[in-house]
Amino acid sequence: MGRFKLGLATLVSAALIAVSTGMTVAAAPDAAQFGQLPAGYDAAISPDGTRVAIIRAVNGEYVVQIVSLDGESLDDNGALTLGEGAKPKWIKWANNDRVFVSLWGSVEVGGTRRTTGSRL
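Going by numbering that gives the first Met the number 0, the first residue of the sequence shown is number 0, and it counts up by one from there.
A portion of the hints provided could be inaccurate.
[Stated by the list, open to error] Below, computed lysine to aspartate or glutamate pairings styled on DMTMM-like, alpha-carbon distance capped at 25 angstroms: (1) 86 with 96; (2) 91 with 29; (3) 86 with 69; (4) 91 with 107; (5) 91 with 60; (6) 86 with 41; (7) 88 with 47; (8) 91 with 47; (9) 91 with 41; (10) 88 with 60; (11) 91 with 69; (12) 86 with 60.
Keep in mind the hints are simulated off the structure, nothing from the lab.
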């Protein structure tokens, strides 16, 4: 019993110290953040190692953008929008000049929403 009381006293003391030192609890995140698209979805380095192809969210839509590893980037005008309802799976380089993107989505068939297979 003595060890239990000592352990309990230590736990209570630690809790009192934590409260008295003014430890604060972080505020809960805004619920709207849970519904946002991820800033970056997937990325792949080119075979020659000079560029990165990135799937990222811009204004609520997924886009594919090629970024040079020397610090220069194509602007958003050079980005390819994946389209309304398109959901990315992955991005890969075929060679130094061509990128493959796998997408999926859902369509309405006979009044029922169905998930389609992936498309390249």
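Quick rundown of the hints versus the structure:
{"no.": "1", "hint": "86 with 96", "in the structure": "23 angstroms, holds"}
{"no.": "2", "hint": "91 with 29", "in the structure": "34 angstroms, violated"}
{"no.": "3", "hint": "86 with 69", "in the structure": "29 angstroms, violated"}
{"no.": "4", "hint": "91 with 107", "in the structure": "29 angstroms, violated"}
{"no.": "5", "hint": "91 with 60", "in the structure": "20 angstroms, holds"}
{"no.": "6", "hint": "86 with 41", "in the structure": "12 angstroms, holds"}
{"no.": "7", "hint": "88 with 47", "in the structure": "23 angstroms, holds"}
{"no.": "8", "hint": "91 with 47", "in the structure": "13 angstroms, holds"}
{"no.": "9", "hint": "91 with 41", "in the structure": "9 angstroms, holds"}
{"no.": "10", "hint": "88 with 60", "in the structure": "14 angstroms, holds"}
{"no.": "11", "hint": "91 with 69", "in the structure": "20 angstroms, holds"}
{"no.": "12", "hint": "86 with 60", "in the structure": "9 angstroms, holds"}
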